[in-house]
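Going left to right, the sequence shown walks through residues -21 to -1, 1 to 300 as mature numbering (1 follows the signal peptide of the UniProt record, and there is no 0) numbers them.
Because the hints were derived from the structure by calculation, they are not lab data. A quick note: this is a predicted structure, and the numbers were derived from the prediction, not measured. Every residue gets a Cβ at the ideal spot worked out from N, C-alpha and C, and that includes glycine. It is possible that some hints are incorrect.
Said to hold, decoys possible - Here are the computed distance ranges between Cβ atoms for each label pair: (1) 244 <-> 272: 38 to 44 Å; (2) 151 <-> 267: 14 to 20 Å; (3) 131 <-> 199: 17 to 23 Å.
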Amino acid sequence: MRAPLAAILPALLLAATPGLAQLVPDPSKPPPAGAPTRPPASRAQASTPDGKPPPLYDMPDPAPRRPGPPSRPGPEPRPDSRAQPTPPNGPPTGPDGKPPPLAPGDAPPPRSREVSSGTGFVVGDRQALTNDHVVRDCRQVRARTPEGRDITATVRSRDSRRDLAILDLREAAGPPLAFRAEPAIRRGEAVVTYGFPLAGMLSSGPTLTTGDISALAGLADNRAHYQISAPVQPGNSGGPLLDLAGNVVGIITSKLNAQRVAQRTGDIPQNVNFAVKSEEALAFLRENNIRPRTAPSTTSRTAAEVGEAIHPSVLFLRCLN
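My request is simple: use the sequences and hints to build the entire structure.
Here's what the structure looks like:
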């Protein structure tokens, strides 16, 4: 007897946030003898917002980084751990000639390590929007502006059901993007994505892709999502999906896991990705007392013009632990 569709859906989604997630081997499972040391190219490690293995889709969430030294210095020392002057005759030593151990409370704080990255965009005065799975379990979040400023961000509110999160930014980061007010979006409309996929592998600047609204519902008829054909990769999660007026119509969240679908159907799906609908984002922002900008989509630009217009408002997010 065939398994019902609902029973296999949870194995087919990938997050669009971890840039290098599919290239990092699972440390808990040593490779079998004789197996190549190189990890498979299409390994999915993302999970759904409830922490369970995802279904037929992959979430292009934060791009996990390769092991190595942190890309930026760690946090500043605590105010009470002031550096002591070195005596004229050199640093103090103990009876055995070795430096004495640090007193409790004098140890330097651990250096932060970048574990993943994703995308966000400005939605208010010092507020940004991204996916919940981009910032979940981060000890610190850093936002980099297009001009290269590094801004501390704190999670203001999260909604795992919608897979959305609001960040408070310590500094202003760019003009808020406007959400599409009208008309209702239709199948076949052209859309643009703008974000930071596969950080550390591709361009350090934002990447623009184009496609269409393929369906007005997501996997298993999820009415909170659009299905889109615009290519997305790990690291795109949390980035804006825009129409050709430059208004936000969705937030990139996940992609179909082509490898798992092929295992079940014998066919490789193409260009099947998903975005949270802007209606969900607008409701979430208003629930948190943020008044988002809205505008009618009555004009049309080229994709390049859309990218140039929204560029100052899109942020590269780093998750530090």
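Self-check item: Hints that the structure is at odds with (numbers, increasing)
Solution: Hint 3 contradicted; others consistent.
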